[in-house]
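Please work from the sequences and hints to get the whole structure.
Chain by chain, the residues:
Protein chains: 2
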Amino acid sequence: MSIQDYLESGNARLDSQLLFTAEIDRMTEVLRRTLLINGSRRENDAEHSWHIAVMAMLFAEYAREPVDVGRAVQMCVVHDLVEIEADDTFAYDVQGNLDKAEREKEAADRLFGRLPEDQGKMIRDLWEEFDAMETADARYAACMDRLQPFLHNTLTEGHTWGNGQVSRAAVEKRMAVIRDFMPEVYRWIMANIEQAVAKGWLAP
Amino acid sequence: MSIQDYLESGNARLDSQLLFTAEIDRMTEVLRRTLLINGSRRENDAEHSWHIAVMAMLFAEYAREPVDVGRAVQMCVVHDLVEIEADDTFAYDVQGNLDKAEREKEAADRLFGRLPEDQGKMIRDLWEEFDAMETADARYAACMDRLQPFLHNTLTEGHTWGNGQVSRAAVEKRMAVIRDFMPEVYRWIMANIEQAVAKGWLAP
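These protein sequences, in sequence, are chains S and U. The first sequence lines up with residues 1 to 204 when you count with our numbering. The second sequence lines up with residues 1 to 204 when you count with our numbering.
It is worth saying that the hints were derived from the structure and are not from the lab. Ideal placement from N, C-alpha and C gives every residue a C-beta, glycine not left out. Among the hints, a few may not be true.
[To be verified] Sample of chain S residues facing chain U (criterion: CB under 7 Å; computed from the structure):
no. : residue
1   : 5
2   : 37
3   : 47
4   : 58
5   : 60
6   : 95
7   : 188
8   : 192
[To be verified] Listed next, the in silico SDA-like pairs over lysine to any residue satisfying Cα-Cα at most 25 Å (straight line):
no. : chain 1 : residue 1 : chain 2 : residue 2
9   : S       : 199       : U       : 15
10  : S       : 199       : S       : 163
11  : S       : 199       : U       : 172
12  : U       : 199       : S       : 2
13  : U       : 105       : U       : 19
And the structure:
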């Protein structure tokens, strides 16, 4: 019972696409720090990627610049694929983030290298665009990537912040792209940060 | 620890969008019959929706008609949302499929009714288009929705087919949209059906 049981199609390109599809099912094994909103367990990368993809269909009206929603949704579904190889790096883990870029670049070489060259490049370009946060689509997708776990935290007693182990300043830094790109949404973020500090979920 | 802890923003439209986002996290609780490829457990609707959304970025070249990939990906991420309210109906459950349409229509009224009207309509329209399988984008998304669990079945000893409880004819009927819309992919499907029958996973 595994990917070894794959029956070849006789079309090498189709095989690499189907095998890549099977491979990325491992996104369900990459656990994030964030809890599901029902509090039952940590969410995984597949669930998170799906969740922010739906969000990207809903929040474009708050973006400072016009966004291509169809592109942003695609960016959302592929933005964490490299974590299959590089694992999730907690946003507030200073040490882990030092070599994150290098680890993820190598992971991208391995993972996207399994696709036909044109498609590997297409997904890699989207991922790099997301990571660089320079285009409107990428900044918007990055906002979704930060708004979703923030929303989860507000509904799970600040779980990811670890009862005051993460500082308000660190969260504000992480949310800066929302502050700059979605100011209306950021007002709600700020109110929640105030509340989280008041409740002791977040260090002042 | 729940959606009741939501802090209002002062903008009713933004609140309904954020609350809808929180609500749909329940897609992680809707279990499908399909196993993850690692065989560890059943996959959930959030994982499945994410998986077919990535697939929709990869297989358009096999489609008989041009596909708008950005639209198809959006269709994939929302195509099962109603199951939060209506639950998953197993594709090969004859009884359950009799009243599926009615149950899902009521579920759509409740669920999409929580969004601002324009956005509820936008997602509902996409879902209805998907379900009708008349446009190229919808037929393509429907192919992904069938190809993914089929691939999982081929790699998990035909798990969903229940050791021969599902017939070859039922699977061929379910895969008909792939036969008609993606004939190159259907050749691989057929070879796997032959193998599944030979191994006793599927009734002849």
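Here is how each hint holds up against the structure:
1. Interface hint at residue 5 of chain S: satisfied, since its Cβ lies 5 Å from the closest Cβ of chain U, which is below the 7 Å cut-off.
2. Because the closest C-beta pair between residue 37 of chain S and chain U is about 4 Å apart, less than 7 Å, the hint holds.
3. The criterion of a C-beta within 7 Å of any C-beta in chain U is met by residue 47 of chain S, whose closest approach is roughly 4 Å, and the hint holds.
4. Because the closest C-beta pair between residue 58 of chain S and chain U is about 5 Å apart, less than 7 Å, the hint holds.
5. At a threshold of 7 Å, the smallest CB-CB gap from residue 60 of chain S to chain U is about 10 Å, leaving the interface hint violated.
6. Checking residue 95 of chain S against chain U: minimum C-beta separation of about 29 Å lies over 7 Å; hint violated.
7. The restraint placing residue 188 of chain S at the interface with chain U holds, with a minimum CB-CB distance near 4 Å, inside the 7 Å limit.
8. At about 6 Å, the closest approach between the beta carbon of residue 192 of chain S and any beta carbon in chain U falls short of 7 Å, and the interface hint on this residue holds.
9. For the suggested pair residue 199 of chain S and residue 15 of chain U, the alpha carbons sit about 22 Å apart, so the restraint of at most 25 Å is met.
10. Of the pairs offered as hints, the one joining residue 199 of chain S and residue 163 of chain S holds, with about 9 Å between alpha carbons and a cut-off of 25 Å not exceeded.
11. Between residue 199 of chain S and residue 172 of chain U the CA atoms are separated by roughly 57 Å; this puts the pair beyond 25 Å, and the hint is violated.
12. Of the supplied pair hints, the one linking residue 199 of chain U and residue 2 of chain S holds, its CA atoms being roughly 16 Å apart against a limit of 25 Å.
13. For the proposed pair residue 105 of chain U and residue 19 of chain U, the alpha carbon gap of about 21 Å is at most 25 Å, so the pair holds.
When each numbered hint is compared with the structure, violations occur for hints 5, 6, 11.
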